[in-house]
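Going down the list, the sequences are from chains B and R.
Heads up: the first sequence is residues 1 to 240, going by the working numbering.
Heads up: the second sequence is residues 241 to 573, going by the working numbering.
FYI, nobody ran anything at the bench for these hints, they're computed from the structure.
Since this is a predicted model, take the numbers as computed values, not measurements.
Incorrect hints may have been included.
What the hints assert, rightly or not - Below, simulated DSBU-like cross-link-like pairs (lysine-lysine); rule was C-alpha separation at most 30 Å, straight line:
id, chain 1, residue 1, chain 2, residue 2
1, R, K494, B, K33
2, B, K33, R, K299
3, R, K475, B, K33
4, R, K331, R, K347
5, B, K33, R, K428
6, R, K452, R, K428
7, R, K412, R, K390
8, R, K383, R, K412
9, R, K567, R, K494
10, R, K428, R, K383
11, R, K383, B, K33
12, R, K344, R, K530
13, R, K496, R, K412
14, R, K383, R, K475
15, R, K530, R, K459
16, R, K412, R, K555
17, R, K452, B, K33
18, R, K412, R, K344
To be verified - What the simulated footprint calls covered on chain R by chain B, stretch by stretch (three residues with Cβ under 8 Å from a Cβ of chain B suffice, anywhere in the stretch; the number is not a length):
id, segment
19, 295-306
20, 364-377
21, 407-418
22, 498-506
Heads up, the beta-carbon is just placed ideally off N, CA and C, and yes, glycines get one too.
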Amino acid sequence: MSAFTVPQLPLGSIQGALEFIFEPQPSNVTGGKLVGGLDQTLELALTQLEVTVLALALSMLLALPAGLYLGHRGIGELLAVGLGNAGRAIPELALIAFMAAAIGVGTLNLTIALAVLGIPPILTNAFVGIRQVDRAPVEAARGIGMTEREILFKVEVPLAIPTLMAGIRLATIAIVATATIAPLAGVLTLGDYIINENVYGENGVVAGAIVVAVMALSLELLLALLQRRLTSKGLKLRPA
Amino acid sequence: MRTKTTRLSWLAVCTGLVLVLSLGVAACGSDDDDTSGESTAAESEGGGGAIAANPANGKVTLTIGSKNFAESEITGEIYAQALAAAGYKVKTDLSLGSETIALKTLKQGEISGYPEYTSTALESLFSLEPGEVPADAQAAYEKAKAELEKDGLTAFPPTPFSSANAVGTTTKLAEEEGLETVSDLEGKSESLTLYGSPECRQRIDCLAGLEKYYGLKFKSFHPVDIGLRYTVLEKGQADLSILFTTDPQLSAEKDKFVILEDDKEVFPAGNVIFVTRNSVVEAAGPDYEKTIVAVQEGLTLPVVQELNARVELEKQTPKQAAAAYLKSAGYVG
Chain B
1 MSAFTVPQLP
11 LGSIQGALEF
21 IFEPQPSNVT
31 GGKLVGGLDQ
41 TLELALTQLE
51 VTVLALALSM
61 LLALPAGLYL
71 GHRGIGELLA
81 VGLGNAGRAI
91 PELALIAFMA
101 AAIGVGTLNL
111 TIALAVLGIP
121 PILTNAFVGI
131 RQVDRAPVEA
141 ARGIGMTERE
151 ILFKVEVPLA
161 IPTLMAGIRL
171 ATIAIVATAT
181 IAPLAGVLTL
191 GDYIINENVY
201 GENGVVAGAI
211 VVAVMALSLE
221 LLLALLQRRL
231 TSKGLKLRPA
Chain R
241 MRTKTTRLSW
251 LAVCTGLVLV
261 LSLGVAACGS
271 DDDDTSGEST
281 AAESEGGGGA
291 IAANPANGKV
301 TLTIGSKNFA
311 ESEITGEIYA
321 QALAAAGYKV
331 KTDLSLGSET
341 IALKTLKQGE
351 ISGYPEYTST
361 ALESLFSLEP
371 GEVPADAQAA
381 YEKAKAELEK
391 DGLTAFPPTP
401 FSSANAVGTT
411 TKLAEEEGLE
421 TVSDLEGKSE
431 SLTLYGSPEC
441 RQRIDCLAGL
451 EKYYGLKFKS
461 FHPVDIGLRY
471 TVLEKGQADL
481 SILFTTDPQL
491 SAEKDKFVIL
501 EDDKEVFPAG
511 NVIFVTRNSV
521 VEAAGPDYEK
531 TIVAVQEGLT
541 LPVVQELNAR
551 VELEKQTPKQ
561 AAAAYLKSAG
571 YVG
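The following block holds chain B by itself, in its conformation from the complex (with noise of 0.2 Å):
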């Protein structure tokens, strides 16, 4: 009776996930075609990281401009901060099942419904990052005659740039392991592996939670070193 096992060792459904992801496994109801394995891995991953990149450039293309904008204005907190919020208790299953039935379902529903997800920490946090730029560089800025777009991306977007980027990493980790719900909109991703246990078993629920932490995780590491890159030399804290 499959229904009344003891519960494995964590350790034994880990090793039974690893040989999941890379060799292709029976399955009970397939008809005896394998599942799983590698290339079916690598598919589903380049799926999920399509979707989260489109999702994130979307959200940076709607928020970014507005977050730096108000910022810089010093106006629309509300905007900024209240809808930033608001937007983080959006249900993202219940937004696609509303939009199905406006747009329907497949990619174009599944990049807004993850964008909707991205939004509010880069808004929030562009907004944040520029309000809490210190005054002084900035008047001195005006003072030297730099116009206002200059002020805005010369001095406050650098010095803004570690908040603004954790909005940004928030977001992709936020948009990465969410688009595993995209098998219920149309887009296979990993979440396949994760949602249909009667199909994959418990090694391929596993699996794709195993690979998925692991592009997030990949994610979050390649974001930290941009941010390095684009931190302005004078701000990085230096050993002395």
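Could you slot chain R onto chain B? The hints should help.
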């Protein structure tokens, strides 16, 4: 500055809550909480219905269970109310969760019996592969009965209706392309899109079986949440969608959606069988099986679709729907 921020975040929290609530309400219909209790239909003193009350049954108390979705609760209620009409003392314990919980509850003696599906029993409880589950109702029933026998359980004969996966489409497309059976898709499926649950893609009793046994190739397969199976057809995104034979939409909107007959029997039989303990059968006497077999005779596919529509679309309770069935089919007076 500080007070302003506080006020603003309150505003934000409220806006967020309102959004969540409105989306939540839009996305999911409310479930019924009327899950357990005494069956009231017992009071109908055999007033001219087909089921006759036998006073000898009054000393037997039966507890009828069901799993936690509309169709299972409706069939559970039908059995419970019919047994009550036959003179038994009947309690119900509906919403037992999944089949593993229901079976465990049955084995532990907390319930006397519950409605199960042949395909679910064989695949989920007895770990048969979907390809090994017969599409023929009688064969599937006998196989399930033999498996249950090992645990001191038995199953009464199956219902006329089978709850199974089905290839569905719009009436419009079916007419245009002349589609009645799944085989009719031959030569046409290459230009048609198929939508189904994410699980369907790899399953031999779903897409993999359609490809293997019917030799069909579809233009594309798109995984979607099962809650969207009619939305994608309605929106014109999907040409074909994997539906369930007992879906209420198939009776409520029968001018819009049709299912294609599974002429090569890829989808396993999912007829309801009433599963009970051998000891209960002995104690309850011959009226037990007789009543259950008699009352399920009217449960054909259109009838079950209509009963599901009452509960899922019109928000009646399973109890009300079951009572309406028993009355209109003449089982109780």
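Evaluated hints:
For a cut-off of 30 Å, the pair hint linking K494/R to K33/B is broken: about 36 Å separates their Cα positions. Restraint check: the Cα-Cα separation between K33/B and K299/R comes to about 54 Å, which exceeds 30 Å; the hinted pair is violated. Between the alpha carbons of K475/R and K33/B the distance comes to roughly 33 Å, so the proposed pair goes past 30 Å and is violated. For the suggested pair K331/R and K347/R, the alpha carbons sit about 17 Å apart, so the restraint of at most 30 Å is met.
Restraint check for K33/B and K428/R: the C-alpha separation of about 25 Å stays at or below 30 Å, so the hint holds. At roughly 16 Å between alpha-carbon atoms, K452/R and K428/R fall within 30 Å of each other, so this suggested pair holds. For the proposed pair K412/R and K390/R, the alpha carbon gap of about 49 Å is over 30 Å, so the pair is violated. Of the pairs offered as hints, the one joining K383/R and K412/R is violated, with about 39 Å between alpha carbons and a cut-off of 30 Å exceeded.
Simply put, K567/R and K494/R have alpha-carbon atoms about 24 Å apart, close enough for the 30 Å limit, and the pair holds. A C-alpha spacing of about 36 Å is found between K428/R and K383/R, which places the hinted pair above 30 Å, so the restraint is violated. For a cut-off of 30 Å, the pair hint linking K383/R to K33/B stands: about 25 Å separates their Cα positions. Between the alpha carbons of K344/R and K530/R the distance comes to roughly 25 Å, so the proposed pair stays at or under 30 Å and holds.
Taking the CA atoms of K496/R and K412/R, the gap is about 7 Å. The hint holds against a cut of 30 Å. Simply put, K383/R and K475/R have alpha-carbon atoms about 41 Å apart, too far for the 30 Å limit, and the pair is violated. The straight-line distance between the Cα atoms of K530/R and K459/R is roughly 50 Å, outside the 30 Å bound, and the hint therefore fails. Our distance criterion of 30 Å between C-alpha atoms is met by K412/R and K555/R, whose separation comes to about 29 Å.
Using a Cα cut-off of 30 Å, the hinted pair K452/R and K33/B holds, with the two alpha carbons roughly 11 Å apart. Simply put, K412/R and K344/R have alpha-carbon atoms about 46 Å apart, too far for the 30 Å limit, and the pair is violated. Given a C-beta distance limit of less than 8 Å, the hint that chain B covers the segment 295-306 of chain R is violated, as 0 residues qualify and 3 are needed. Counting residues of the segment 364-377 of chain R whose CB falls under 8 Å from any CB of chain B gives 6; the rule of at least 3 is met.
For the segment 407-418 of chain R, the assignment as covered by chain B is violated, since 0 residues bring a beta-carbon within under 8 Å of that chain's beta-carbons and 3 are needed. Note: the segment 498-506 of chain R has 0 residues with beta-carbon separation from chain B under 8 Å; the three-residue rule is not met and the coverage is violated.
Checked against the numbered hints above, the structure breaks hints 1, 2, 3, 7, 8, 10, 14, 15, 18, 19, 21, 22 and satisfies the rest.
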